Structures are given as structure tokens and as C-alpha cells.
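2 protein chains.
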Amino acid sequence: MEKEIVVQKFGGSSVADIQRIKNVANRVVSYKDKHTDVAVVVSALGDTTDELESLAFQLSKDPPEREMDMLLSTGEQISCALLAMAIKELGHDAISYTGRQVGIKTDKTHTKARIITINDKRIRRAFKDNKIVIVAGYQGVTSQDDITTLGRGGSDLTAVALAKALRAKVCEIYTDVDGIYTTDPRIVPEARKIKQITFDEMLEMAFLGAQVMQARSIEVAKRFNIPLHVRSSFSKEEGTMIVKETEKMEEIAVRGITCNKGEAKITICFVPDKPGIAAKIFTEISKSGINVDTIVQNVPHDRLSDISFTVPKTDLSKTIRVTTAIGKKIGAGEILEDRNIARVSLVGSGMRSHSGIAARMFKALADNAINIEMISTSEISVSCIIQQDLADKAVRSLHKAFKLEAI
Amino acid sequence: MEKEIVVQKFGGSSVADIQRIKNVANRVVSYKDKHTDVAVVVSALGDTTDELESLAFQLSKDPPEREMDMLLSTGEQISCALLAMAIKELGHDAISYTGRQVGIKTDKTHTKARIITINDKRIRRAFKDNKIVIVAGYQGVTSQDDITTLGRGGSDLTAVALAKALRAKVCEIYTDVDGIYTTDPRIVPEARKIKQITFDEMLEMAFLGAQVMQARSIEVAKRFNIPLHVRSSFSKEEGTMIVKETEKMEEIAVRGITCNKGEAKITICFVPDKPGIAAKIFTEISKSGINVDTIVQNVPHDRLSDISFTVPKTDLSKTIRVTTAIGKKIGAGEILEDRNIARVSLVGSGMRSHSGIAARMFKALADNAINIEMISTSEISVSCIIQQDLADKAVRSLHKAFKLEAI
Chain U
441 MEKEIVVQKF GGSSVADIQR IKNVANRVVS YKDKHTDVAV VVSALGDTTD ELESLAFQLS
501 KDPPEREMDM LLSTGEQISC ALLAMAIKEL GHDAISYTGR QVGIKTDKTH TKARIITIND
561 KRIRRAFKDN KIVIVAGYQG VTSQDDITTL GRGGSDLTAV ALAKALRAKV CEIYTDVDGI
621 YTTDPRIVPE ARKIKQITFD EMLEMAFLGA QVMQARSIEV AKRFNIPLHV RSSFSKEEGT
681 MIVKETEKME EIAVRGITCN KGEAKITICF VPDKPGIAAK IFTEISKSGI NVDTIVQNVP
741 HDRLSDISFT VPKTDLSKTI RVTTAIGKKI GAGEILEDRN IARVSLVGSG MRSHSGIAAR
801 MFKALADNAI NIEMISTSEI SVSCIIQQDL ADKAVRSLHK AFKLEAI
Chain Z
441 MEKEIVVQKF GGSSVADIQR IKNVANRVVS YKDKHTDVAV VVSALGDTTD ELESLAFQLS
501 KDPPEREMDM LLSTGEQISC ALLAMAIKEL GHDAISYTGR QVGIKTDKTH TKARIITIND
561 KRIRRAFKDN KIVIVAGYQG VTSQDDITTL GRGGSDLTAV ALAKALRAKV CEIYTDVDGI
621 YTTDPRIVPE ARKIKQITFD EMLEMAFLGA QVMQARSIEV AKRFNIPLHV RSSFSKEEGT
681 MIVKETEKME EIAVRGITCN KGEAKITICF VPDKPGIAAK IFTEISKSGI NVDTIVQNVP
741 HDRLSDISFT VPKTDLSKTI RVTTAIGKKI GAGEILEDRN IARVSLVGSG MRSHSGIAAR
801 MFKALADNAI NIEMISTSEI SVSCIIQQDL ADKAVRSLHK AFKLEAI
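In order, the protein sequence lines correspond to chains U and Z.
Take any residue in the first sequence, count from 1 to its spot, add 440: that is its number in our numbering.
Take any residue in the second sequence, count from 1 to its spot, add 440: that is its number in our numbering.
Next comes chain U alone, as it looks inside the complex (with noise of 0.2 Å):
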């Protein structure tokens, strides 16, 4: 009978000092046993790969990315030779292998390069030796035999990645927090732990804010459907699975509620109601690379309508000077920008079979006279620009509201 496989993915800050590494490495030792094959990646040491970044930044300004790849790719490699030497001192046989070790071939995108294959081979040899396997996260190799990094966030990639390669029966992510909560709970003391959530919600839950896990790192587990297991280093308690969506699931409407304080509105003003001037606009803006989110055009008086758009406040200079160009050339009036916005959003695959959500969000705001300065919507979210001074208590009231607490 084949044995399962667990894929455990341990972050910076659960093998920042060598004391975790040591609790590290006596986790992951509980879990192999007779009946279950461990393969660990672990991301670099605490800060070491911002360390690394610094120094390369002291020597150029824009230093060539091959290069960096060759020089972050370390980071990874320190931390899974220490951990193999920490499970070897407990008495288990334990082997290391860098991202090109076991054959994590990418294209040639240094610094954000994607996965193309994984040979698992080397693997299932380590594995046959009865050893638990480290993998360095975060990495890969060119066909050309180039180092390749995957982005920020590359080593859960590389976890999912492998759990696929291995057919893993669960993909496991560990990290300073213990699960996804309902919100986040500094906001909301009462915010509960989520059991379980589905890969949908949690995409949509990056997206508009949450920050547990790299979103192209959840598409992947989604589309090879991977179990992954979101929970705390430091604690040997449950946290949030991330699953296929079951029919039982859909049984909740709101599965979290997220709060993003990152954006800003810009409104153009006065802009003339001719056909095509919305599409000129945001062609224009997209060209600079700008990510355009929610849009609301007014109703037009006397053929002139405001037309208002978030977009994230670190692009909002360079908008406010693209804007400024566009609105000369078409003849709009002022340009208005806010920097005191919030995003505040349901997120839930229920949304599909429960109708009426909206409407009670927006009872719910009302009722605590928060003033909604836009909306949007996706199949299973609802979001509202309000203030950003609002924004906690907004979040509190809806928390409230949809009872997100007694689930």
C-alpha cells in the first residue's frame, strides 16, 4: 500500500531563529510516522532574504535580476539544510535539496518566474529511504540551468507545486496567525476562526485584502484541488482549510468580511456625456500600468457627468497626472482625489443560492449611519467605499449584522 504524503510549508517567521527551527523540526518529526511521508519547504530565516535585497541595493540601483535570483535563491537554501540538520539530531533521517534538486523547472521570468514542472522522482527515491525531505521554497531552475525565483510569496507556491507533483493528500501552511478569521480581530473581537472556506472565497478575500496567503498560490491549489491547511507554527491546534466548494458549504452566505484601507478615489469632474469618452479614459490609465478598480459614473446634467474610480494609493500620483492629461484634452473639469477611503466587503459562495445580501449590508450601514460613497459587486462579494474613519465600526456593525460571530 502506498504511503500518504503531507506537504508542510513553514514560513520566515516560524524558522527565524535557531530555536524555531528546532520546534520546526519537531513538528514535522510527529507527524512522520509508519503511514504518512513528509515533505517540508521552508522559506528563508526571518529577514534574511530583505537582508540580502539590501545589500544588492547598495550596489545598484536596479540590480540585474538574474543576479538577485542567484542571491535571494541562498536564502532558502540556509534554512533547509538547517532543518535538515535539526530532524537528523532527533534521530531521523532527513535530506535537503535545493529548488533545482528536485527539478522545479520555470520559465525564464527572473524574479517572478512560474512553474512549469516538477520532477518528483528524487523525491519518491528519499521517501522510499524512509527520510523526510526539505525542499528550499521559493525557487527554481531555467532550462537554461539559471536560478529563478518565484516572487514574494514563491514558497507556498512551491508547496502547493509539490503537493501536486506528489498527489499530497493535504498541503499544509504554516504561519505566525492560526487560521482565516471571520475579520480581522484587532477590528472585532468577537471575529471566529473559519473551519473551513472555499478556494473561491479565499481568492476573493486576498483580493480585496486579507493577507494570509499568496493568491497564485491558491489558484493552483484550486485548480489541481489541494486541501491546504492554513495554520499557526506555534500552536498544535486546527486552523482553516481551504477546500473544494460542497453543497453544505453554500449553506452560509457571508463567509468573512474584509477591510481594505489601501485605496484611494479619484474623481474626474464635469466630464462630457459623449459615447466612448469612459472607454478613452481608462484606456489611457491602463496604459500606465495603473490598476483601475470599482468605477461609478454619475447620472449626467446638461450632458456633463462626474466619473469617480478607486485605484491603489501607491499608483495615486501617478493617476492624478495621468488623469490631469486626459481631463485637458477632453475638456473635463476639476480632478478630485480621497485619500480617506475604506473597502469594506462580504465575501461568500453562499451569495449564489441566498438573495438580499446587499440590501441588508446596506441596512446594516445605514442603521449606523456609515454613508456608502460607492458600491461594487462580484458573484460572491459585495463591497462598499465608505470612510475610512467609519471603516472599523462599519466592519463591527456588519460582523454583527450577519451574525458572523454564532456560526
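Derived from the structure by calculation, the hints contain no laboratory data.
No experiment lies behind these values; they were computed from the predicted model shown.
Be aware that a few hints might be false.
Identical copies carry no separate label here, and so any pair may be met within one copy or between two of them.
Quick list of in silico lysine to any residue cross-link-like pairs, SDA-like style, CA-CA up to 25 Å [as the list claims (entries may be wrong)]: (1) Lys701 - Leu606; (2) Lys545 - Lys701; (3) Lys633 - Ile730; (4) Lys701 - Arg632; (5) Lys545 - Ala566; (6) Lys727 - Gly767; (7) Lys462 - Asp490; (8) Lys571 - Ser500; (9) Lys571 - Phe497; (10) Lys803 - Ile730; (11) Lys501 - Glu529; (12) Lys545 - Arg565; (13) Lys571 - Asp502; (14) Lys462 - Glu677.
Fit chain Z to the supplied structure of chain U, relying on the hints for placement.
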């Protein structure tokens, strides 16, 4: 016409910080011209190797050697990526490679592997693209694709092996001293930088205590007749050429003087004067892995004689244990130890054709009231064991007697 090729090796102190890496980049670039291709070998930044080792020893008293190599090899990977960045910043094209990427295949002796082959294809291709090639020193890969390291000083070996594979006209070893001196300038201020020294002389000096280059690297350079140029990375001055012996070089009888204070003397008293007894003693000692050097046996009195020999101080307590046991078995007397000794040696391949060097040495020491306790000679050296507190005086006297400051 094929371009000339130079291999340059920079040690850890030459790349200890960002400013020094920039200096190295400048120096490398100043070499690269239309007629010369440059391959650079770098060690790990400053104390990186020690720091990584210390992490490993915090996890295990005896870290597994395969994992140790996985860990330590990152040091050189970091420095070669950074140097490539620094060179590119100066407007020259450069590319960094790990040992594996340039096909440095080794045997499986982790932590002190031997190079079996180097594949120069990738470097030659980079040269064709007019790139400066940076290679991570100290490392290779086994036929099973496991990373190995070549032991302390292994970057020298990488450089020499590369020089051989590339048929380089010279292999430059950049270090923090500006060459090989007739003797330690801290002892004899008049010590002079040697312009040319033969491989054999350099090997003998390394063996007798001079710490400039790893002996294995000199042996390989000798075998393939690759001229080595030992010079300072902090000045433009020429250093010392280590070359094949020429007739002219034999004109000088004594090339240099070394002094080694790292040995201790053991005396086994009253050893029964029977055939085979010395063989018995030194077979036992060598079985314990102790390297014995100079051995002296007194003329026997009453069928008993004293046997003295030297060992590295680090092996002293082990040696005492072993010889005490042997002494009992063969019915010898007391075991005496003397840590207060030094080995002072004259080295020069000219000794082969110049006679009377040893006699002149003994006379110079006698003239300065320095007692000789033991003597040993090789084809190109004479060593005297003397009391350690007289060692510096001995070196000064000999340097003067053989007029080394004037050559």
C-alpha cells in the same frame, strides 16, 4: 586569434563589505580588455562561512556533512552574485555561476571533496559574448548532483583548476598580504618580498608553517604548470610569482625562512634498545591519526635510549595518552613533554646545488648562543628545533647571516 585568459581569485577579506566588492569590481574591469578574458573566483564575504558554521553547530555537535556543504556553499554564491552586480553597474557585462553551473564535478567526500573534472563550455560561451565570468569558489557537485565543498582554502583550488581548464596564462591570487616574504616581516622588519619562488619552495614553506595558500592548490598548479601570482587586493603593486623552477632561480640557495611555533616535543625516556621497537612505537601513534614530524633517537646507554619527536600542539594530549600506554607495554620510562619549542627552517631549491647551507645555519645559531635540540632536513630545506623564546632571535640572525634582505 584566441584571446588570453586570466583567472583572478579574491579571498574573503577582499570582499568583506560593499565598498571592497566595488573595489574588486573596479580592479576586474581594469583587466578586461580587447585582448584578455577574465574569470573571477570569489570566496564568501568576510566571516560568512564562520557565521554559517556557527548556526550549524548550534543545532548539532556533529552536523551531517552533506547538509554542511549545502549550507556553506551559499556563502560563495552570495558573493559571486554581488560581484556580478557590481561589475554590471560599471557598465561591463558579467555573469555569475555556482560551482555546479560551470560543471565542477567532485568526488563524494563532503566538506573536503576533490575536483574530478571541470566543463569549460559555459564559461567559453560567456567569454564569446564578451562577459566577465564570476565563479563561486570552494564548491562543486557530485555525480549524484549533491553539492560539495572543497575544504578551507578551497577557493584557491577552484581558481587553479579553472585556470587549468581554461588554459589561462596566469592565475592571480588576491589576498590581504602583498606577496610572499623572505620571512615574517613582523619578526624581521628587513624581510623582503620575494619576486619569484618555485612551486616546490612554496610547498615546503607552506608545509613548514607559512600560511598564504592552500598546499593542495599549489600542488595542482605545479602539476599543470600554472603560474600563480600572489598579490594584494588593496594595491596595484606586483606580488610574488610562484613558478616552475628555472636554472637561474637556483642561484639563490635560501629563498626564505619559516618559523612554526605550533609544535610540541614528546620524549619517551629509557626505551629498551631492541630491534623493531621504534617501528612499534610509531606504528601505534600513527594508528591514532597523529602526524609525527621530526624524530630523534639518542645513542643508547646501557641498552636504553631516549626517543624524542614533535607533533602539532593540538594533538599533544592525545599523543601523551597513546605514548603512555605504549611506554608501559614496552617497559620504557617517563614521558616528557615540551610545549616551549619552535621550528626554524631555511627553504630554497638552490640547496640542491649549494653545499654547506646546514653548516652555515648551525654556526649562525651557535654564534647567537641558540641551542639546537633537533635537526631535520629535506632536499630543499633545513629545520632546527629550538626553544620557542629564542625563535624570533634565531630568525633575525639567520635572515642576516644569509643576507636575505639584500638579494
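Hints and how they fare:
1. In this assembly of identical chains, Lys701 and Leu606 lie within 25 Å of each other by CA distance neither inside one copy nor across copies; the values are 39 Å within and 58 Å between.
2. Taking the shortest alpha-carbon separations for Lys545 and Lys701, neither the intra-copy value of 37 Å nor the inter-copy value of 54 Å comes in at or below 25 Å.
3. Neither within a single protomer nor between protomers do Lys633 and Ile730 lie at most 25 Å apart by alpha-carbon distance, with minima of 34 Å and 63 Å respectively.
4. In this assembly of identical chains, the alpha carbons of Lys701 and Arg632 lie at most 25 Å apart only when taken from the same copy (22 Å versus 70 Å across copies).
5. Proximity of Lys545 and Ala566 under a CA criterion of 25 Å is satisfied in both settings, with 20 Å inside one chain copy and 22 Å between copies.
6. Within a single copy, Lys727 and Gly767 get their C-alpha atoms as close as 16 Å, which meets the 25 Å cut-off; across copies the closest is 89 Å, which misses it.
7. For a Cα distance limit of 25 Å, the shortest separation of Lys462 from Asp490 qualifies both inside one copy, at 23 Å, and across copies, at 21 Å.
8. Taking CA atoms no more than 25 Å apart as the test, Lys571 paired with Ser500 passes between copies only; the shortest distance there is 18 Å, against 42 Å inside one copy.
9. Within a single copy, Lys571 and Phe497 get their C-alpha atoms only as close as 39 Å, which misses the 25 Å cut-off; across copies the closest is 22 Å, which meets it.
10. In the homo-oligomer, the alpha carbons of Lys803 and Ile730 never lie at most 25 Å apart, since the shortest distance is 33 Å inside one protomer and 87 Å across protomers.
11. For a Cα distance limit of 25 Å, the shortest separation of Lys501 from Glu529 across copies, 9 Å, qualifies, whereas the shortest one inside one copy, 42 Å, does not.
12. In this assembly of identical chains, Lys545 and Arg565 lie within 25 Å of each other by CA distance both inside one copy and across copies; the values are 19 Å within and 22 Å between.
13. Taking the closest pair of Cα atoms, Lys571 and Asp502 come within 25 Å of each other only across two copies (19 Å); inside a single copy the shortest separation is 41 Å, beyond that limit.
14. With identical chains, the CA atoms of Lys462 and Glu677 are at most 25 Å apart within one copy only, with a shortest distance of 19 Å there and 50 Å across copies.
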